[in-house]
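Engineer: Here the protein sequences line up with chains A and B, keeping their order. What the first sequence shows, in my numbering, is residues 1 to 252, in sequence order. What the second sequence shows, in my numbering, is residues 1 to 252, in sequence order.
Everything hinted at is true.
Copies of the same chain are indistinguishable here, so a pair counts whether it falls within one copy or spans any two.
Each computed SDA-like pair below joins lysine to any residue, with the alpha-carbon atoms no more than 20 Å apart:
(1) Lys192 x Glu234
(2) Lys192 x Arg97
(3) Lys192 x Phe203
(4) Lys192 x Ser76
(5) Lys192 x Gly63
(6) Lys192 x Phe243
(7) Lys192 x Ala227
(8) Lys192 x Ala120
(9) Lys192 x Pro228
(10) Lys192 x Ile78
(11) Lys192 x Met64
(12) Lys192 x Arg62
(13) Lys192 x Thr223
(14) Lys192 x Asn238
(15) Lys192 x Glu115
(16) Lys192 x Glu248
(17) Lys192 x Pro84
(18) Lys192 x Ala117
(19) Lys192 x Glu244
(20) Lys192 x Ala123
(21) Lys192 x Ala121
(22) Lys192 x Val220
(23) Lys192 x Val246
If you are wondering where the hints come from, they were derived from the structure by calculation, not from laboratory data.
Listed here are the chains, written in short residue letters.
2 protein chains.
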Amino acid sequence: MALRTPVRGASLVEQTVAILLERINSGVYARAAQLPPEHMLAAEFNVSRATIRSAIGVLAERGMVLRRHGVGTFVSQIPRLANPLNEAEDFSYMIARGGCAPGVRFVQVELAPPEPAVAAALALLPGQRALRSCKVFTADGEPVIFCVNTVPEHVLGEPLAAEALREPQLIEPLFDMLERRCGRRTQHQLAKIRAARARECRFPELALAPDTPLLFIEEVGFTADEAPIWHSYEYFPNSFMTFELVRERVRR
Amino acid sequence: MALRTPVRGASLVEQTVAILLERINSGVYARAAQLPPEHMLAAEFNVSRATIRSAIGVLAERGMVLRRHGVGTFVSQIPRLANPLNEAEDFSYMIARGGCAPGVRFVQVELAPPEPAVAAALALLPGQRALRSCKVFTADGEPVIFCVNTVPEHVLGEPLAAEALREPQLIEPLFDMLERRCGRRTQHQLAKIRAARARECRFPELALAPDTPLLFIEEVGFTADEAPIWHSYEYFPNSFMTFELVRERVRR
DNA sequence: TAGTGGTCTAGACCACCAC
DNA sequence: TGGTGGTCTAGACCACTAC
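Produce the entire structure from the sequences given, and follow the hints as far as they go.
Structural biologist: The structure is reproduced here in structure tokens:
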């Protein structure tokens, strides 16, 4: 196999991460095997050791690789997480990655001032409107995610907000749309995680038994400037997807 | 106010983080204010700019600080999270941090081969025993966390396992105990997050209405060598605590 | 003792932003 | 244009582990 080497253009660290990841996933570096020492990789990739160290640091953070001081760097034995909760992506992609055909059904769409809690989270002034859409995401036709999105009119722009009211599929997938059509990239989101029963959900016409347990995530998306650009209530029945997370031990 | 400067001994980056954090929390750098440029901090602390950058990078990851390319670094406006789900600590400390008096009640303790799923997660051989303890954590006397811990006998050592069977409070708080008495530090844990109803819980004598919604976390703790050293089923009623998390947008 | 990862430096150059 | 953060380098020295 021809082993790639970084090309100038994107960040050298990112390229190095990609190459190492590819080697791990393809088995060039087998599970539990030791990686070549950093100075060797630096020589092979023709970059400095600092660059290699940053790249390996990224992999270590993701749990792909394990460093042992004075010994070496090893491919992790822990299998990769399925749905890492600390990483967010558009639901359609998430469903597709799970091997199912994604779909969306819009249950209700309106353009109005949102409820006070949501307005506060989005830093809206009284009277400012937002597009609120209740969606059901399906996997192979089965409903798997119930979601209430609220996006301020000033984020969408008035023409797009009006248009989306008639054609709600325009604003899906949300992250992509906000980036492409509004120039607003979601950098991170603040999530609150709880449990709920179907009967308590803020979702119209929920086709579930009233005491079905649901994972309930309420989150607000922010741009790199910390401007809130969307709010979301999300309900996940256990049957379809569970989330996983690597938690670090901390000392306070 | 006398501004501290790093001292050699601990990592320069860690010291720098601590000092910057202190300045932020004490208001030397007010909310939304701009930090001095990196080269200034480097000169002030008498370290290289790379060291300063690493330190600021740590703060940026924690959401304490916001970097703007070509502009500067600013103190974040987003308030600090209450219970960041990606950080784990002993429940007693978590409850105490919430301003309540922590307590633990042991409902059931046994030393036996665990159920197959748990044995597999802990890489136990058939017949190997583990200490399984069902605990209720209380805050000001109110039950707020239900937890089923399983720790292999070979991790505890036979004497301690036998002793803990009679005096279960010996193994609490778990992280501390494993570190102090067994020399096994929990480095990270792999968690699966779901919703559940009280009636489905693997917990004896749960004093809750059968359809109470609970956040259900199943996790396995690992040492730095990736050896699994404990397993845990945890149930959180919403009423007491909710978890929060910063999720990053990813591209795949 | 040899080899590994961990820390730190001094300096170069680039990309972005405001004026 | 000047100042900021973003990237990268070459090299030094330390700390840890295995033999």
